[in-house]
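2 protein chains.
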Amino acid sequence: VVIGRLGHNPDKPTVTFYGHYDVQPAAEPDWLTNPFELNSVNEYLYGRGVSDNKASTGAWCAGGRLGRLPVNVAFIFEGEEENGSRGFSHAIMRNLSWFEGTQLIIISNTLWVGENVPCLTYGMRGMLSLTVQITGPERDLHSGNDGGVFAEPMVDLLRVMATLVGSGGKVQIDGFYDNVEPSLIDLAWDSLKDSEEFSLEGYKAALGVPALTAPPNKRDLLVTRWCRPSLSVVDMRPGAPVGMPGQQSEPTSTCYSVIPKAAQGKVSVRFVPNQDADQLVACLRNHVEQSFAALGSSNKIDLHVEARGKWWEVWQGSPWLAMAEAAIHKEWGVHPLYVREGGTMPVASYLERVLCAPAIMIPMGQSSDNCHLANERIRRTNLFKGKNVIRRLLEEIAAMGGVGAGNAASCTGKAETAPDGDVDDGAVLGAATACAGLAE
Amino acid sequence: VVIGRLGHNPDKPTVTFYGHYDVQPAAEPDWLTNPFELNSVNEYLYGRGVSDNKASTGAWCAGGRLGRLPVNVAFIFEGEEENGSRGFSHAIMRNLSWFEGTQLIIISNTLWVGENVPCLTYGMRGMLSLTVQITGPERDLHSGNDGGVFAEPMVDLLRVMATLVGSGGKVQIDGFYDNVEPSLIDLAWDSLKDSEEFSLEGYKAALGVPALTAPPNKRDLLVTRWCRPSLSVVDMRPGAPVGMPGQQSEPTSTCYSVIPKAAQGKVSVRFVPNQDADQLVACLRNHVEQSFAALGSSNKIDLHVEARGKWWEVWQGSPWLAMAEAAIHKEWGVHPLYVREGGTMPVASYLERVLCAPAIMIPMGQSSDNCHLANERIRRTNLFKGKNVIRRLLEEIAAMGGVGAGNAASCTGKAETAPDGDVDDGAVLGAATACAGLAE
Numbered sequence: 001v002v003i004g005r006l007g008h009n010p011d012k013p014t015v016t017f018y019g020h021y022d023v024q025p026a027a028e029p030d031w032l033t034n035p036f037e038l039n040s041v042n043e044y045l046y047g048r049g050v051s052d053n054k055a056s057t058g059a060w061c062a063g064g065r066l067g068r069l070p071v072n073v074a075f076i077f078e079g080e081e082e083n084g085s086r087g088f089s090h091a092i093m094r095n096l097s098w099f100e101g102t103q104l105i106i107i108s109n110t111l112w113v114g115e116n117v118p119c120l121t122y123g124m125r126g127m128l129s130l131t132v133q134i135t136g137p138e139r140d141l142h143s144g145n146d147g148g149v150f151a152e153p154m155v156d157l158l159r160v161m162a163t164l165v166g167s168g169g170k171v172q173i174d175g176f177y178d179n180v181e182p183s184l185i186d187l188a189w190d191s192l193k194d195s196e197e198f199s200l201e202g203y204k205a206a207l208g209v210p211a212l213t214a215p216p217n218k219r220d221l222l223v224t225r226w227c228r229p230s231l232s233v234v235d236m237r238p239g240a241p242v243g244m245p246g247q248q249s250e251p252t253s254t255c256y257s258v259i260p261k262a263a264q265g266k267v268s269v270r271f272v273p274n275q276d277a278d279q280l281v282a283c284l285r286n287h288v289e290q291s292f293a294a295l296g297s298s299n300k301i302d303l304h305v306e307a308r309g310k311w312w313e314v315w316q317g318s319p320w321l322a323m324a325e326a327a328i329h330k331e332w333g334v335h336p337l338y339v340r341e342g343g344t345m346p347v348a349s350y351l352e353r354v355l356c357a358p359a360i361m362i363p364m365g366q367s368s369d370n371c372h373l374a375n376e377r378i379r380r381t382n383l384f385k386g387k388n389v390i391r392r393l394l395e396e397i398a399a400m401g402g403v404g405a406g407n408a409a410s411c412t413g414k415a416e417t418a419p420d421g422d423v424d425d426g427a428v429l430g431a432a433t434a435c436a437g438l439a440e
Numbered sequence: 001v002v003i004g005r006l007g008h009n010p011d012k013p014t015v016t017f018y019g020h021y022d023v024q025p026a027a028e029p030d031w032l033t034n035p036f037e038l039n040s041v042n043e044y045l046y047g048r049g050v051s052d053n054k055a056s057t058g059a060w061c062a063g064g065r066l067g068r069l070p071v072n073v074a075f076i077f078e079g080e081e082e083n084g085s086r087g088f089s090h091a092i093m094r095n096l097s098w099f100e101g102t103q104l105i106i107i108s109n110t111l112w113v114g115e116n117v118p119c120l121t122y123g124m125r126g127m128l129s130l131t132v133q134i135t136g137p138e139r140d141l142h143s144g145n146d147g148g149v150f151a152e153p154m155v156d157l158l159r160v161m162a163t164l165v166g167s168g169g170k171v172q173i174d175g176f177y178d179n180v181e182p183s184l185i186d187l188a189w190d191s192l193k194d195s196e197e198f199s200l201e202g203y204k205a206a207l208g209v210p211a212l213t214a215p216p217n218k219r220d221l222l223v224t225r226w227c228r229p230s231l232s233v234v235d236m237r238p239g240a241p242v243g244m245p246g247q248q249s250e251p252t253s254t255c256y257s258v259i260p261k262a263a264q265g266k267v268s269v270r271f272v273p274n275q276d277a278d279q280l281v282a283c284l285r286n287h288v289e290q291s292f293a294a295l296g297s298s299n300k301i302d303l304h305v306e307a308r309g310k311w312w313e314v315w316q317g318s319p320w321l322a323m324a325e326a327a328i329h330k331e332w333g334v335h336p337l338y339v340r341e342g343g344t345m346p347v348a349s350y351l352e353r354v355l356c357a358p359a360i361m362i363p364m365g366q367s368s369d370n371c372h373l374a375n376e377r378i379r380r381t382n383l384f385k386g387k388n389v390i391r392r393l394l395e396e397i398a399a400m401g402g403v404g405a406g407n408a409a410s411c412t413g414k415a416e417t418a419p420d421g422d423v424d425d426g427a428v429l430g431a432a433t434a435c436a437g438l439a440e
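Chains as they are written, first to last, in our numbering: chain A, 1 to 440; chain B, 1 to 440.
Note that these hints are calculated values from the structure, not bench results. Check the hints yourself; a few may be wrong.
With a Cα cut of at most 20 Å, we get these calculated EDC-like pairs of lysine to aspartate or glutamate [said to hold, decoys possible]: (1) K204(A) - E138(B); (2) K193(A) - E325(A); (3) K193(B) - E115(B); (4) K204(B) - E138(A); (5) K218(B) - E115(B); (6) K204(A) - D140(B); (7) K193(A) - D220(A); (8) K218(B) - D194(B); (9) K330(A) - E395(A); (10) K204(B) - E115(B); (11) K385(B) - E325(B); (12) K204(B) - D140(A).
Simulated DEER-style distance windows between Cβ atoms [claimed, not checked]: (13) A211(B) - D276(A): 37 to 47 Å; (14) D30(A) - V2(B): 44 to 54 Å; (15) E100(B) - E28(A): 51 to 61 Å; (16) N83(A) - W98(B): 57 to 67 Å.
To be clear about the criterion: a stretch of chain A counts as covered by chain B if any three or more of its residues have a C-beta under 8 Å from a C-beta of chain B, and this derived list gives those stretches [as the list claims (entries may be wrong)]: (17) 142–152; (18) 287–299.
Computed from a predicted model, the values in this text were never measured in an experiment. We treat Cβ as the ideally placed atom computed from N, Cα and C, and that holds for glycine.
Generate coordinates for the entire structure from the input sequences, incorporating the hints supplied.
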């Protein structure tokens, strides 16, 4: 984590920027250029990490250094975002004074919804990562010698997991769809309904699926992706997971004759305002325990929450949002589309809580940037105009003067200052961002 | 494969012996002695492979070399049994002349049912190894960005697999329990019903399970283990398996945010006389395809038979069995228990077919030998008396003279002489014995 600050003028607003400079591996064989060398082809710059998240971080630096800074700036450049933000909360907590007076956090780690129109991200889903484990006999057994006479953990597990999702992809857990805010999509829909930036057919083609389970219209598809909770079974395998009771260091490596003594399933849940993580976990626990009890099995079940990350939501009357919109409009000549994302960025809500300031997200990359994939790229125009948007936004903020806008006056930061042991901070950040850097 | 022959006297019977000298790895931390050094502690010899299958092979060699051999002997010592018997059928087919005139195949690669009474194994289950694969989107997708709008392969797979096994472990596939011979247990039960060599409580304790799904009496438990077909789900994981359409070299390594584009489940089926492998595969295929069709998913399903191994069964009127019983009785002073095994030894039925002779199995090790596990051992008494049993058996056979007993007169061997490409030979042997050397 690189932490820095430029300016301590109490008469100027203070802005904190977050970006990350680490990248995903680049083992995909489809790279056409050296992934660790910056290559310019036609309108695009190619290289691992150019869109996620080096370009935005670079644009910020370039935007900030043009002439005398009109605001105080603090910044955090992280190098572990793709690997769980390990130590991040610890580093922030030990250096809180560097961010003194922060009135706004700017993050640029999301994407446009399409190719041509700049966007402002105003909400993201929250996430829960859970492991369901079933443990049985004392050791792995032989399917020939002993198959057929006892309840096998893998069979129990798949019978329990199969009850989670029903036809049409509907999650069958009591309470799963409770407390969903129906109006989450309104702001995005106002700007997207007449736009060609997102189409049903284009989205299906990008996914590479012949059909969707979401209703076949643009609005309902966006509502499902952005505004409704979802549940994906992301893994099942034999063996006990690391860190759980009965663990082995590695899941059992099995072949056809081995009945594993334990089996684990991994579930990724995304939830939305105003759902509560603890309440959802209770619903899930209740569901899997009841499903398991119905089997009458002699095995044991265990549900473990590996990570939780809060949904993130801008206060829609926020003057910061209006300022960002104005900066984008001045630079690009068009009003940005307001968009949400289905992923989660635990860093956003975490920094809001510890720095007692709201965050805004200004995406720079296009939806076709291939973040994390082969031939990751960013359009040159986006990079250069992005730099100017940052500059313009800082000038807008400077013009506003030193009074905070939309700052959470009641936030003291003190409740969050424990550097370790708070499940909602370090542990969450660690596990929650371990997989997909762009947006969990 | 080491192939040899002693004696070509056409007036003497010819016996072929099969044993394997390779072993499983010995990575278990619980070894009390060096697993690759022979150690004698109290009544036992300890070391990796002592029971599976070096002791029996050694006993054969020792039994055969005492004085002038009363029979012609051919032998096969294999070094790839624990690793799929790769090249085995090829080696046999190229050297068939070494086994000319074989009237009996002797194998000693099974176990006693208990600790004190020698056994004769007269039947083993057959096996089918199958992979069910479901493929969906063109690439892995992000559970945050795209979760909730399309049919996920892993969810489809577990919903299909969950229909395989119902309550009490009953397999729910139409036709799965057809053509089962109800009298398979009779011979074993006659000798076991009043014996204390096998008990319900001892078996549960050995497995380390608090309860069994099989009916709670000794006979039904043995019927279920030995005489009824079973189905175990031995693996489920994301990614496409190697060697299947849409394969990747490795299954996808996933974490909580990744929805895998494909998922695979592995199933181990054991079947019994007089069930037919092809018919069972048809039942399985029909079942998974119908279950999948009921989901209305846009994904694709594929069922692949990875290996099949025939059940093995002695002709119960066989004079060879009577001779083996007599040899055991003379040496141990007790009549052996007749037992079956739930596992499969594809080598047995394979050699019967290519050498046109029946096989018998004379187990030497006790049920507590820990084959494949830490502290594998064999009782010294079993080893020395086993050697004598072999010697006595060869003498019994010599006394019988040169006329074959129970030989399949109609077998020409020619139908089986294709060294490669026969699914029931090399390919089966290869995959079928890949996992558990003692008995698949």
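Evaluated hints:
1. K204(A) - E138(B): Between K204(A) and E138(B) the Cα gap is close to 11 Å, so the pair holds against 20 Å.
2. K193(A) - E325(A): holds, 18 Å
3. K193(B) - E115(B): holds, 16 Å
4. K204(B) - E138(A): holds, 11 Å
5. K218(B) - E115(B): Roughly 17 Å separates the two Cα atoms, so the pair holds.
6. K204(A) - D140(B): holds, 14 Å
7. K193(A) - D220(A): holds, 11 Å
8. K218(B) - D194(B): holds, 11 Å
9. K330(A) - E395(A): holds, 12 Å
10. K204(B) - E115(B): holds, 16 Å
11. K385(B) - E325(B): holds, 14 Å
12. K204(B) - D140(A): Holds - the C-alpha atoms of D140(A) and K204(B) are around 14 Å apart, at most 20 Å.
13. A211(B) - D276(A): 37 to 47 Å: holds, 38 Å
14. D30(A) - V2(B): 44 to 54 Å: Holds - the Cβ-Cβ distance for D30(A) and V2(B), about 48 Å, lies within 44 to 54 Å.
15. E100(B) - E28(A): 51 to 61 Å: Once the Cβ atoms are compared, 57 Å apart, the range 51 to 61 Å for E28(A) and E100(B) holds.
16. N83(A) - W98(B): 57 to 67 Å: holds, 59 Å
17. 142–152: Since 11 is at least three, the answer is holds.
18. 287–299: holds (count 3)
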